[in-house]
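Q: Numbering (this note's numbering), first residue to last: 5 to 93.
Treat the hints with caution; some may be incorrect.
Calculated pairs, BS3-like style, for lysine-lysine (alpha carbon to alpha carbon, straight line, at most 30 Å) [said to hold, decoys possible]:
(1) K71 - K27
(2) K74 - K38
(3) K27 - K74
Think of the hints as simulated: they come from the structure by calculation, not from any bench.
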Amino acid sequence: MHAKLVTYTTEKLNKSEKSILSKRMYGYMDKSNKSRYTYARKGILDGAKYFKICNNTFIIDHKCWPKVRKEIKKRKATIKEWNINIEEF
């Protein structure tokens with residue numbers, strides 16, 4: 005299976021931009037009305053085949069990569085990517 009090994013850095017971003025990128029990538033829990041209601045907000049990677057290795061590093065299916073790359077580039081984070089071939093994950 006063709007995949008991408010991806011790592012990105014957020015050192016040039018401020019705290020709020022880092023938070024926005026993380027929430028857009030992985031999703032988050034949203035609470036309202038004094039935590040009476042809880043909503044699970046989905047991220048871009050929720051519908052993708054990926055394996056998180058560590059912070060800011062993951063392996064993703066090459067078909068899902070363009071949408072994720074667009075979001076990372078939009079937030080002006082630095083990306084490094086490598087093409088890899090792996091067994092099903």
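Q: Does each hint hold? Answer for all of them.
A: To see whether the hints hold, each was checked on the structure:
no., hint, in the structure
1, K71 - K27, "15 Å, holds"
2, K74 - K38, "35 Å, violated"
3, K27 - K74, "15 Å, holds"
Violated hint for the displayed structure: number 2, the only one.
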